[in-house]
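Participant: Residues per chain are reported as follows:
There are 4 protein chains.
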Amino acid sequence: MVRFGVIGYGYWGPNIVRNINGINPDMLAAVCDKSEKNLGRVKKAYPDVHVTTDASELLTDPTIDAIAVVTPVWTHFDLARRALQNGKHLFIEKPFTATAHQAEELIELAERNHLTIMVDHTFLFTGAVRKIRELIDNNTLGKLYYYDSMRVNLGLFQHDVNVLWDLAPHDLSIVDYLIGREAEAVIATGAGHLNGHADVAYMTIYFPDSVIAHLNVNWLSPVKVRTTLIGGENKMLVWNDLEVDEKIKIYDRGVKITNQEGVYDALVSYRSGDMYSPKVEATEALKLELTYFLECVESGKRPFNDGQSGLRVVRMLEAAESSLKRKGEAVCA
Amino acid sequence: MVRFGVIGYGYWGPNIVRNINGINPDMLAAVCDKSEKNLGRVKKAYPDVHVTTDASELLTDPTIDAIAVVTPVWTHFDLARRALQNGKHLFIEKPFTATAHQAEELIELAERNHLTIMVDHTFLFTGAVRKIRELIDNNTLGKLYYYDSMRVNLGLFQHDVNVLWDLAPHDLSIVDYLIGREAEAVIATGAGHLNGHADVAYMTIYFPDSVIAHLNVNWLSPVKVRTTLIGGENKMLVWNDLEVDEKIKIYDRGVKITNQEGVYDALVSYRSGDMYSPKVEATEALKLELTYFLECVESGKRPFNDGQSGLRVVRMLEAAESSLKRKGEAVCA
Amino acid sequence: MVRFGVIGYGYWGPNIVRNINGINPDMLAAVCDKSEKNLGRVKKAYPDVHVTTDASELLTDPTIDAIAVVTPVWTHFDLARRALQNGKHLFIEKPFTATAHQAEELIELAERNHLTIMVDHTFLFTGAVRKIRELIDNNTLGKLYYYDSMRVNLGLFQHDVNVLWDLAPHDLSIVDYLIGREAEAVIATGAGHLNGHADVAYMTIYFPDSVIAHLNVNWLSPVKVRTTLIGGENKMLVWNDLEVDEKIKIYDRGVKITNQEGVYDALVSYRSGDMYSPKVEATEALKLELTYFLECVESGKRPFNDGQSGLRVVRMLEAAESSLKRKGEAVCA
Amino acid sequence: MVRFGVIGYGYWGPNIVRNINGINPDMLAAVCDKSEKNLGRVKKAYPDVHVTTDASELLTDPTIDAIAVVTPVWTHFDLARRALQNGKHLFIEKPFTATAHQAEELIELAERNHLTIMVDHTFLFTGAVRKIRELIDNNTLGKLYYYDSMRVNLGLFQHDVNVLWDLAPHDLSIVDYLIGREAEAVIATGAGHLNGHADVAYMTIYFPDSVIAHLNVNWLSPVKVRTTLIGGENKMLVWNDLEVDEKIKIYDRGVKITNQEGVYDALVSYRSGDMYSPKVEATEALKLELTYFLECVESGKRPFNDGQSGLRVVRMLEAAESSLKRKGEAVCA
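Chains as they are written, first to last, in the working numbering: chain W, 3 to 335; chain X, 3 to 335; chain S, 3 to 335; chain G, 3 to 335.
FYI, nobody ran anything at the bench for these hints, they're computed from the structure.
Don't take every hint at face value.
Repeated chains share a single entry, so a pair holds when one copy, or any two copies, can fit it.
Only pairs whose alpha carbons sit at most 25 Å apart, straight line, appear in this in silico BS3-like list of lysine-lysine [what the hints assert, rightly or not]:
1) Lys226 - Lys145
2) Lys145 - Lys281
3) Lys145 - Lys251
4) Lys327 - Lys145
Computed from a predicted structure; not experimentally measured.
Given these sequences and hints, build the entire structure.
Facilitator: Below you can see the structure in the form of structure tokens.
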């Protein structure tokens, strides 16, 4: 059995704690948060769990095997390093770290100590993303052309990061997972209208073989949108994560260049066929992910959402940040 | 009365001809097209109109007052210059010209000869865009934050231009009309998957005062989308041009920074109020535009969609083209 | 070749004329309408066609083989009878006649004279209805449970009929075609708010084996709805005729009684599977129907949308009318 | 303070208990359920509350002021009668009773003992229904024409009632609240396909002055629909309860008879104006309702959702049941 210490019980922490407790209450050793009020919520829901405002207690507790770090990104490196130094496995919120350099240091430390790092790229465990990955793996979509995501809503502003660091990690982890290649270049543009940080931003990521990803993230949208278009040579799909029943629609549609002559003639043939919406598994993603974490820790298997995948996401964020500052100049990720 | 010679009867020309004829059949003097088949269609619909494959006939006909150029963009400059040299007013398809330099030359020529140039930015005459402009002018939206458009569908590929030159002019003319400022910088990214030209492209335009415009254009989308978000300090709107009855929805929603303290606290207050969908005028845009052209020609008034506005759109396209080639480097428009 | 005389050039007549002309201009012999203005529209579009305000000219013209009756329902019987008496085949608008008795008389007359009657149940020739019929014929849906249609919009009020006679024939012809059984009983309810005729009405049709059809027709709806649910033992479908691309969605969903014990336990098992939207043929229904009419006339084959199917629809309307007057009393169709 | 005994902790009971506890934990005296498993759930969530499988304990406990009856309808009468006989106020699930006669007896008993009966017509406390009522009261809609509701989904079958008793009470309580008149006649049709009870049913209710209500309820629909059209002389509205943000849309649309001449002429003028979607209050309906119950109990004020309103709903259900058996014969409610 893996015993967890969870650091951070703000917005996302309660979900981590609830799922650990749901899998096996004995795995939930202790919860730490700086706010007594938050700890009060822990005590009410889980009267038997040890709570503390002192992270060191958890980080040094010899009965704790794994630390879940569920705190703001600027605190990740220090907490994660101490966890790994003390021989604890690490389950850590995304984005993994505030800089690529920090991520590299943590990866090296984990390898030296034979510890597992899993970055909480929760979306990879949703029924929707697993289904899309399956459609790519079994060549239903064919060669990938583009990934184009719109992730916009009203607020929630954070004072310490811009909209890219808040909303882009979701899609970046998915892009990394689905495309499976290193980004060649990252371009970001955007603007800030309220507190100096960009609240509207656009990010293009160039991958090899003309695969392109684009992210539209926005804290100032009057409506909430969570829609991704994915184009492939064989089929294309629309993933609308706000749909309850038909999250993914696969279109048997495409274009094919058939001749190059004639001005204003259609140079392509269109294929317009059926649409198909597969049932998407509804199991809670975080539950699957934590179960997978346990499996990795116990077997020593390296998770696919390991430190390296966390690092690739951080590199893309760093590159985007840098490009954004230079008004869209291409930056290598 | 203004007598028109129309050059080009392919995809859009029939709409121009039909509207001129609809306003006053006597205004329709002649139609030219290189294709005899297209001219056959003209004769069938308008038996009394003179048709020819020779543009010079129209360009030199002393009974013709205005030339409508409805041909591919790479032919615009030559036809337009000859029209203006022969003292004809000019109604010309968008994009105005293939280069900013050509546009400047035509503008100068028209001024010298006291002739009217109107660039066919049809969208500016739709009920939707006129309503949005009204909402800006009467300060309903308040200070503009962003214009974010998605204009995607399957094909129609053109062999001589990329997707930017095909789909972006619509939004660029609207952006120019609504924002009313010179662009500061243009960044474009994209990729081509079929015939070498970009078939997926993204364009960011920086305007003064943190106003930002973004265009998502795509010939490889399985679904057709024509949706624009416009954010303002007071209100925000969604314009879905595919909706029949509720094209524009105005949201009384917004965010306001209220304090800067506390980590992970909401730093903004949200305003979530009513939604309102005004009735949008359904008169055909092109009919309004041609009527306005007549009014400008007859009164000597300069149209707001004049050569200068055509030039600004071409400059943004040129800048985008240049940025796209350099993978997103910022280019001054 | 079959030469047509078309009587009636109001709302629907132009579509009949356009399609006959499209199949073969020589088939369009003459068009009759009481309005000189309407005949003017015919002349403009089809300069070579004979026009007249006198229906007798067409009904007695020996060079005319078939009469298309496209006039209000109360004129159908007299025109159709004279056409059949003069040896003309009959293509007639729905509803076939104003009473079942009239329909029976016309059917008998046609049989005696070996003439074809086709009632213009256009919807049966749409890609959507043909696809649904296919899904029933190949047992994809399984045993039919219900057909539930909503067909509502704002106006167009007619002074001579209520909303049932205006909107219900569409669904009644489809119900007759898909279910293929005689109705056992018809119940109609409704209310009139403006000119004395019912403008909101509901119609239930009981068929054998617990198959039930329901129609919701309404001239006073703020929104236009054209949605039909069809439930079967194996699958269920939603047909939204206002959708451009995904008119039919087939759901692999169902319920199955599994036990009868326990209060407040679910007594059924649910099947929640994929959804599939087949491509629906886009050929104009009326063109297919008129081609089928020609085929039937030339081969002597009896069309499935013959006088008998027209009669069954009229019987259901008569029964509904009668039930409506008695506030919903069941009436045998 | 009012101390509650809650009888029934199945599907809806937990919401009652949670809200009572949320208003004031001291008000929650005891919970009764026949299932030990359900009582275990109570103990886990509310360790201090007394639980029992014996309803008599609650019904006779002198420290309990009010009984909430949250059990199947066939148990209502007996439990409610005993509660009232023992001087307890009554908060009772809808439908109020299994027969109108039972309802009348309970109403009389409550009056004699000066006790409050509130029937849990929860929907009347939702932001949507309160907004619609406001639009009627302030004459925004004008004279009511019709109420037309579609409430369909897949299952949940109940072995003891048909779909009318399960799904119709919601709309009947709303219809009763909005129209505020006694029904003149009720017509119901429907069919059962699985366990003998109707699983698809349609109900028309005639009110004075040509106001008509129609309910479409269905346990065999592949999709979930919760949409109501309400037509009025001035405006019409669409209430889609599945929408998160725009539940109510008010249309400035209508028809007006303007002349009675001419065949096939439009006999009405259409008004097609703006659409407006007011923000709808999001407070939990049940919390408002229980707060209102407390207010009524403490002040002696008669609630608008009293026994009489419960009785009117039961009468309409009884009439529908009776009509359904006679295949749609009109039955006085």
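Participant: Hint by hint, say whether it matches the structure.
Facilitator: Evaluation of the provided hints:
Taking the closest pair of Cα atoms, lysine 226 and lysine 145 come within 25 Å of each other only across two copies (22 Å); inside a single copy the shortest separation is 30 Å, beyond that limit. Taking identical chains as interchangeable, the C-alpha atoms of lysine 145 and lysine 281 lie at most 25 Å apart whether they share a chain (23 Å) or sit on different chains (24 Å). When the C-alpha separation of lysine 145 and lysine 251 is checked against a cutoff of 25 Å, the pair qualifies only within one copy, where the shortest distance is 18 Å, while the shortest distance between copies is 28 Å. Proximity of lysine 327 to lysine 145 under the C-alpha cut-off of 25 Å is restricted to the inter-copy arrangement: shortest distance 23 Å between copies versus 33 Å within a copy.
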